[in-house]
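Protein chains: 2
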Amino acid sequence: MGKLYLIPTPMGETASWDAALPAGNRAAIDSIEYFVVENIRTARRFLARSGIGRTIDELTFAELNEHTPAEEVEALLDPLTKEGKNIGVMSEAGLPCIADPGALLVAAAQRRGVEVVPLVGPNSITLALMASGANGQSFAFNGYLPVKPPDRVKAIRHFERRAHAENQSQIFIEAPYRNRKLFDDILGACDPRTMLCIACDLLEPGQYIRSQSVAAWKKNGAPAFDKRPAIFIIF
Amino acid sequence: MGKLYLIPTPMGETASWDAALPAGNRAAIDSIEYFVVENIRTARRFLARSGIGRTIDELTFAELNEHTPAEEVEALLDPLTKEGKNIGVMSEAGLPCIADPGALLVAAAQRRGVEVVPLVGPNSITLALMASGANGQSFAFNGYLPVKPPDRVKAIRHFERRAHAENQSQIFIEAPYRNRKLFDDILGACDPRTMLCIACDLLEPGQYIRSQSVAAWKKNGAPAFDKRPAIFIIF
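Protein chains in written order, with this note's numbering: chain A, 2 to 236; chain B, 2 to 236.
Bear in mind the hints are in silico, worked out from the structure with no lab data behind them. Here the structure is a predicted model, which means the values were calculated and not measured. Some hints could be false.
A pair counts as met if it fits within one copy or between any two copies, since identical chains are not told apart.
Taking lysine-lysine pairs in the BS3-like style, the calculated list, with each CA pair at most 27 angstroms apart, reads [said to hold, decoys possible]: (1) Lys4 - Lys219; (2) Lys220 - Lys4; (3) Lys4 - Lys86; (4) Lys86 - Lys228; (5) Lys86 - Lys155.
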């Protein structure tokens, strides 16, 4: 039986392999001809840039993303379970299976006793958390907040309470075009003393990571984070 | 003013730079002569092995760990704020400021408007989560569980409820010599259908990552995880 390799990719358009990925990841990639990826175009581009030892056309790609029906996930393992081949899993950016649907494939692999091999790479959640000064001994990643205003404010207040009551840093993401909306909602809903970290364009030239109180954010204004991928941490 | 670099180190005794760290991290290390580290001996050994361009004796080290009084943390930034030098932060293993006390120094840096630069490296929490098949779109790292039996069982049940009610993967660590105890406590306290991932010796030759139901763990028995660093995930 083959192994399931979880292969990180760089984040952002400009990030080089040397800045974002261990050199040793190339050896794993070179052992794989079958890839399950969040987005085929992105994955092919990454592999083409990586200087791997084969032409991309020798490789086979299948997509697994939010449009994949759950009942089709199991069959994506066939090359591994039936033909003994390794499979590589790649997300659009960063670590696969974190903040993306790749975990469904890993769960299927674990059910069948397949060896799963995670490789080291960049992750915006941990990079932002490290640099925030927020508690890194207890933290939660909560993905996206609800979009409807009353639910959203309720959720922000819920996570703010949990941040303080449990001393647990609360991490969120938002669609980049809604960063300003989330910023305004947090400033409107949270106690002035609550701390907010905003981290955007991680590992990119414009990287920005700033933690201050809600009161200080109100005074100093929003960062230039429009349409830039951002992480928000309340603590 | 200098910058505060957060410098990951390999996990485990055998991990090589190429397997665990981007080549580019060396350039950041080469810009630094002042380090704040969790353990000076470990940090010196890491730098000696890294083939950096200077002798270790030219470098200055200060320790920041669980024995450091909170009021002494701020002064560790003096070389940066007063002399304009970069500072590098390193933990015992993996990403600094996650599951270690380094966050206190970053918080002080953020208060003073210092630029904080997180580098890419290995993290046992995300490696285990990726490979577990547990939900990676919502998860919490909870550090250590209470040691006293009644509090411990109560905490396990609390986190099991949260795992199911919020579909939030619940991640824990334990002192390696107590792995078996935690395993038994989880098997005793949790519903047979609850999923448990055990990941140990990540990135080491004996790497083991297995997810199965509590019922299946009861039937199949404990892994050989005595005194090996392990991550536990309930989902």
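Comparing the hints with the structure gives:
no., hint, in the structure
1, Lys4 - Lys219, "between (50 angstroms within a copy, 26 angstroms between copies)"
2, Lys220 - Lys4, "between (53 angstroms within a copy, 25 angstroms between copies)"
3, Lys4 - Lys86, "within (7 angstroms within a copy, 46 angstroms between copies)"
4, Lys86 - Lys228, "neither (40 angstroms within a copy, 33 angstroms between copies)"
5, Lys86 - Lys155, "neither (48 angstroms within a copy, 44 angstroms between copies)"
Hint check: violations occur at hints 4 and 5; the rest are consistent with the structure.
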